[in-house]
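K.L.:
Listed here are the chains, written in short residue letters.
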Amino acid sequence: MNQAAISATIWPIAFFPLLGALLAYVLGRKERDWAGIIATAASALSFLWVVKLVWALPEAHYFEDQLFQWISLADLKVDFTFRVDQLSAVMCMVVTGVGTLIHLYSTAYMHEDEGRHRFFAYLNLFMFSMLLLVLGGNLMVLFIGWEGVGLCSYLLIGFWFKNLAYAAAGRKAFVVNRIGDAGFLLGIFLLLHLVGTTDFVALQPAIMSGNVALGTDFYTLVALCLFVGACGKSAQIPLFVWLPDAMAGPTPVSALIHAATMVTAGVYMLARMGFLFVLAPAALAVVLVVAVATAFVAATTALTQYDIKKVLAYSTVSQLGFMFMAAAAGAFWVAIFHVVTHAFFKACLFLGAGSVIHGCHHEQDMRHMGGLYKKMPITCITYGVSVLAIAGIFFFSGYQSKHAILGALEHWHNPHLKEWIEYILILVKFTAFLTAFYMTRSFVMTFLGEYRGHAHPHESPWPMTVPLIVLAVLGAFGGLALSGSLGFSLEHYLAALNFGAAAEHHHESIAAALINSWTGLLGVGLAFVMYTQLKELPGMFLRLVPPLSKLLSGKYYFDELYGAIIVRPLEGLAAFLWKVVDQGMIDGMVNGTAAFVDATGELRRITQTGQLRYYALMLFGATVFFIIFYYVL
Amino acid sequence: MSEFPLLSSIVFLPLVGAILLYLFPGFGPRQDPESRAVRAFSMVVTLITFVLSLLLWGGFNPQNTGYQFVENKIWLPSFGITYHVGLDGISLFLVLLTTFLMPIVVLASNSVEKKVRGYLASMLVLQSAMLGTLVALDMFLFYIFWELMLAPMYFIIGVWGGKRRIYAALKFVLYTVFGSVLMLVGIFYLVWAYYQQHGVVTFGLESLARFNGLSVQEEVWLFAAFALAFCIKVPVFPFHTWLPDAHVEAPTGGSVVLAGVMLKMGLYGLIRLAYPLFPRAAELFTPYLAGLAVIGVVYGAMVAWAQKDIKKLVAYSSVSHLGYCVLGFVAFNTVSAAGSIYQMLNHGISTGALFLLVGVLYDRRHTREISEYGGLAARVPIFAFLFLVFTLSSIALPLTNGFIGEFLILAGSFQELPGFTIVAVAGVVLGAVYMLTLYMKTMYGEIDEAKNGALTDVSMRELVTFAPLLALVFIMGIYPKPFLNALEPTIKNYIRVVEERRQMLKSSAPMRTRQVAEDQAADEKISSVSDKSKTALDALIVKRSKV
Amino acid sequence: MVPITHYLILALLMFSIGVVGVIVRRNAIVVFMCIELMLNSVNLTFVAFSKQWGNLDGQIAVFFVMVVAAAEAAIGLAIILSVFRAGQSIETSDAAELKF
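Residue numbers (numbering that gives the first Met the number 0), protein chains in the order written: chain A, 0 to 632; chain B, 0 to 546; chain C, 0 to 99.
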């Protein structure tokens, strides 16, 4: 990183939400409505501070804020440092910007909930953790945020904790994330052991200079450990199972945490450690395989879901796969690009879904929706725009980023998987087609046709529609605005993320772009026709191949598989260790020793009759015995 | 350093307090039926002790790596036994932990209803014994304090405990004594061997730690005797089965002291005695100790997961956490050893707090079955919040104290024992599993037991009990520097001294005893004589042949 | 002069009678007297050997035995008395409460 540090005041960015969390909880206990206002204000203040800093951030520089030394012991020195470089700036903008909108939205969405002071406190605490994650100047501070967002996710998924299934979903999220975190920790240990620091500014030259005689195997090992962490947080195979369950949380939470920000933390971390990953081509190949598999599996699962939030959840998993594909190709700026555009349109989709759920009185099943375009026009239009965006139709934002991902994959220069990349590309394009298909399906089932439910749907109030409109506009034009067409190029801005993998840049005509978005157009068109005109067709398809449809609607049986091969055996083992090993064997030996002493004592007791004559006889007999023993024998 | 015997006053103040509880008629059951005066007096005694121990921290010079506040008085000169106490960075924090936890335990004694005077007197005697163990620098003194810890704890469990209290108390005492008797034999053997070589009887730790007359074989046996005593106390897997029974039956305060301080005595003994005295054997035992520690981490977590009794779950989680501490220490580098000490403090705070929380529930509902609870978060939000914070501290979430300890241990151990550490990292995941399962089953869901619907939230007094613990969880998690700064020089020096001694012992083949040395000298004489005669004979033969 | 064998046989008989009495009889007083009998048989042996070897050591030992026997009698009778007071019996078989 040939960049120079400028010291600046960064801590308020993270501090505002922390303070907001405390105030929202304490004051919100007295007056519930204050919580939302405080939390939104804190988030907005944080956003303004980010804007102020980003505005002032010169090219090829970064801001630095050294707060205090956190851990200092022998060679292990960890500073509590915040840094804002271009990458952090982009992430901060997304986190605080989208975060503020979602806070605003939540004030209306949660306005009837008795525990909303807790809700807003958790939400602000999440903002705090997420900002620590993106502002942290070393892996350790990042890790604080990393675990912190996991905690907030746990708390918010189980927000309606009276439902034990929701609470269990929260626990599942935390535990699965912890598995990833364990890998992450091992990566940190390896780096600490062999390089001696986790500070990004110190780490990058140490790794890239090649002075560290560590070898590719080391890079691969560290990269894979870190990627395990990313898999947990960003819901990739095999650790993605928590995300669909995480939809138990209130919908704004799904929008903020499980779509726009937290789940992209893994991508951010890969980009942040990109200098390491580009030196580990084998690890990148693993990332690609995992990403493509995840994208495909999640997209096909989304095809058969009826719960509107589950569709979006699987779609998120799938899109995260797309982000990791870009990272795997070494095009980290593209991954971040997709993070940004995805944050726009997926947050909009989730908020739209929330608006629908809110309007339909907590109905989530799309089979009981339909025809909502009349009742909820704003929600319908914004949702529709976002569907086009995620489908990758030119000129919506999703097109720009997805096209960039495909471009990056076409320039795959990694020796591993070189001969497979053609087939992988076909699979990726097919997945992109599926994305368009299932998203259009959800749109049609929700908003078109006749209303099939029994509630009285109504449009949501302004605090909910304004964020929808803003996000829809961003989702529509954000991609174009960031891709250089309007004078600002994210690629140029994030030039520091270009670790020798210069992607070709080519401008294309509108016609070419329209042709390039054929997968999306095909998916949208096909789904539209199938679900509005030929309503029998989807059912026929599913009946045609019963095992396949069963597999898809069963979500590939991942949960059942994990239950059968991991969770239940471990539970059995735990019970076995306790009952048989601990109580039976180990404590059995302890108590057995005691019982042995007891039993021998009991045996000796028989001789103690209390009869004097008996004792005298024994005394005499013993004397005689010893006399004979010594003198006669 | 002042002439005032600060350390001794801290050690014996609680003991004096306990005696006064019985001497003053005002504390008798007739004059003080509500036991108000008894509680207040014990509170004052423990608070004064705590304040005095803060003076220790204030006067402690972290750069001085030797023992500080040393008092050395001849006690039983004919046996070389001295009253020798002192403090270094390692014992400083354990002393502080002890004195810090005691007022909290006294405050939590309100749930004890019968024979309050006896209970609090036992606690005070126990405190003196623990503090004495931590500062003793004479093996004999150490052993006396070590055994003195047992008696009050025996009564605390056996008199104020639950249904199976007699069984638990007897198991606790017999198991621990079994180990420490072996240690006593070890101590005598060591002193005897020292006498054989130097002709002086001494129990002084500093002299014995410079003794170089042991063969490796002897070191191994002695280390095994010491280590067994300490491993039982920690407890290291598979010597842990007394712990769940003792914890479940002990009253709340007893559990807090047991988990908070007494378990640390095992590891402290390993640090203070076993490693410096027998460095070569320690090296040989390292893989076994590390293996047992790691098994303890995973095994404790797994068994904790299967528990149906809250207290038993927390007890098994102690086995798991102490496994980390042992691993960190035996990995034997500055980072991991400091992490090990730090984690002992953390464990004292978070597990102590968890036992107090269980006590709060038990006082209200008189059951510890997990299945009896559920949905409490809606009914008792402050309790749920406290429970959450200490749960998170227990599973080592960053910015709580637990993370610093666990991270230092694992990061440090990874450099020395990577294989063991990778397994131990699995404990990080399992810890989240059992603690969050416990939290979910007790706090979340609907309130299904009618009795839970009438639960009251934590009272003001209970809140005061938890407040200092809560504050420390965050202080030690966010700003560990003052603690680590005071620990670092001591630990660096400690490790350097032990390793230098190990090298020294390895390089110089030590004389077994004076006797052996004389024998060897005699052997050499004989052989040299025969050599001489042989050469003379050779010379003669040569002469003859010439002639 | 009576050969030493006669003394020894007498002593042996006395001792055997004492042993059998201690083992067989239940009355604490009789048991007590039998113990005295055994002690006296030993005394007899001591004196016999003392005369045999013309050495006074044995006679001195006899004095010690007699002193011990007297002390024993004092304490033993006191014990028997208090046992009788406690249980209204001096049968040894009745005084078996202290067995574990």
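No wet-lab data here; the hints were simulated from the structure. Don't be surprised by glycine CBs; every beta carbon is placed ideally from N, CA and C. Possibly wrong hints are sitting among the right ones.
[To be verified] Computed Cβ-Cβ distance ranges for the label pairs, DEER-style: (1) K307(B) x E111(A): 35 to 41 Å; (2) H110(A) x K307(B): 40 to 46 Å; (3) T622(A) x S88(C): 25 to 31 Å.
[Unchecked claim] Derived list of chain A stretches under chain B, where covered just means 3 residues or more per stretch with a C-beta under 8 Å from a C-beta of chain B: (4) 33 to 45; (5) 66 to 75; (6) 171 to 177; (7) 247 to 255; (8) 435 to 444; (9) 581 to 588.
[Claimed, not checked] Capping the alpha-carbon separation at 25 Å, the derived lysine-lysine pairs in PhoX-like fashion look like this: (10) K307(B) x K161(A); (11) K578(A) x K307(B); (12) K554(A) x K428(A); (13) K450(B) x K162(B); (14) K578(A) x K505(B); (15) K480(B) x K76(A); (16) K549(A) x K534(A); (17) K161(A) x K440(B); (18) K491(B) x K505(B); (19) K491(B) x K76(A); (20) K480(B) x K491(B); (21) K29(A) x K161(A); (22) K578(A) x K114(B); (23) K161(A) x K450(B).
K.L.:
For each hint, tell me whether it holds in the structure or not.
P.N.:
Quick rundown of the hints versus the structure:
1. Take K307(B) and E111(A): their Cβ atoms lie about 38 Å apart, and the range 35 to 41 Å holds.
2. Restraint check, H110(A) to K307(B): a C-beta distance of roughly 41 Å satisfies the suggested window 40 to 46 Å.
3. Roughly 29 Å separates the CB atoms of T622(A) and S88(C), a value that falls within the hinted 25 to 31 Å.
4. Only residues whose beta carbon comes within less than 8 Å of a beta carbon in chain B count, and the region 33 to 45 of chain A has 0; fewer than three means the coverage is violated.
5. Only residues whose beta carbon comes within less than 8 Å of a beta carbon in chain B count, and the region 66 to 75 of chain A has 9; three or more means the coverage holds.
6. Check on the region 171 to 177 of chain A: 3 of its residues sit with their Cβ under 8 Å from a Cβ of chain B, so the three-residue criterion for coverage holds.
7. With 0 residues bearing a CB less than 8 Å from a CB of chain B, the region 247 to 255 of chain A misses the requirement of three and the coverage assertion fails.
8. With 0 residues having a beta carbon nearer than 8 Å to a beta carbon of chain B, the region 435 to 444 of chain A misses the requirement of three or more and the stated coverage is violated.
9. Coverage of the region 581 to 588 of chain A by chain B holds in this model, with 3 residues showing a Cβ closer than 8 Å to a Cβ of that chain against a need of three.
10. Between K307(B) and K161(A) the CA atoms are separated by roughly 21 Å; this keeps the pair inside 25 Å, and the hint holds.
11. Taking the CA atoms of K578(A) and K307(B), the gap is near 12 Å; set against the 25 Å cutoff, the hint holds.
12. With a C-alpha separation of about 21 Å, the suggested pairing of K554(A) with K428(A) holds against the 25 Å cut-off.
13. At roughly 22 Å between alpha-carbon atoms, K450(B) and K162(B) fall within 25 Å of each other, so this suggested pair holds.
14. Proximity of K578(A) to K505(B) is assessed by CA-CA distance (about 46 Å); at most 25 Å being required, the pair is judged violated.
15. The straight-line distance between the Cα atoms of K480(B) and K76(A) is roughly 11 Å, inside the 25 Å bound, and the hint therefore holds.
16. Distance check on the hinted pair: K549(A) and K534(A) sit about 20 Å apart at the alpha-carbon level, within 25 Å; holds.
17. Using a Cα cut-off of 25 Å, the hinted pair K161(A) and K440(B) holds, with the two alpha carbons roughly 11 Å apart.
18. Restraint check: the Cα-Cα separation between K491(B) and K505(B) comes to about 21 Å, which is no more than 25 Å; the hinted pair holds.
19. For the suggested pair K491(B) and K76(A), the alpha carbons sit about 16 Å apart, so the restraint of at most 25 Å is met.
20. Distance restraint check for K480(B) and K491(B): the Cα-Cα separation of roughly 16 Å lies within the 25 Å cut-off, and the hinted pair is therefore satisfied.
21. This hinted pair checks out: K29(A) and K161(A) have alpha carbons roughly 22 Å apart, not beyond 25 Å.
22. For the hint pairing K578(A) with K114(B), the CA-to-CA distance comes to about 36 Å; that exceeds 25 Å, so the pair is violated.
23. Taking the CA atoms of K161(A) and K450(B), the gap is near 17 Å; set against the 25 Å cutoff, the hint holds.
The structure shown violates the earlier hints numbered 4, 7, 8, 14 and 22.
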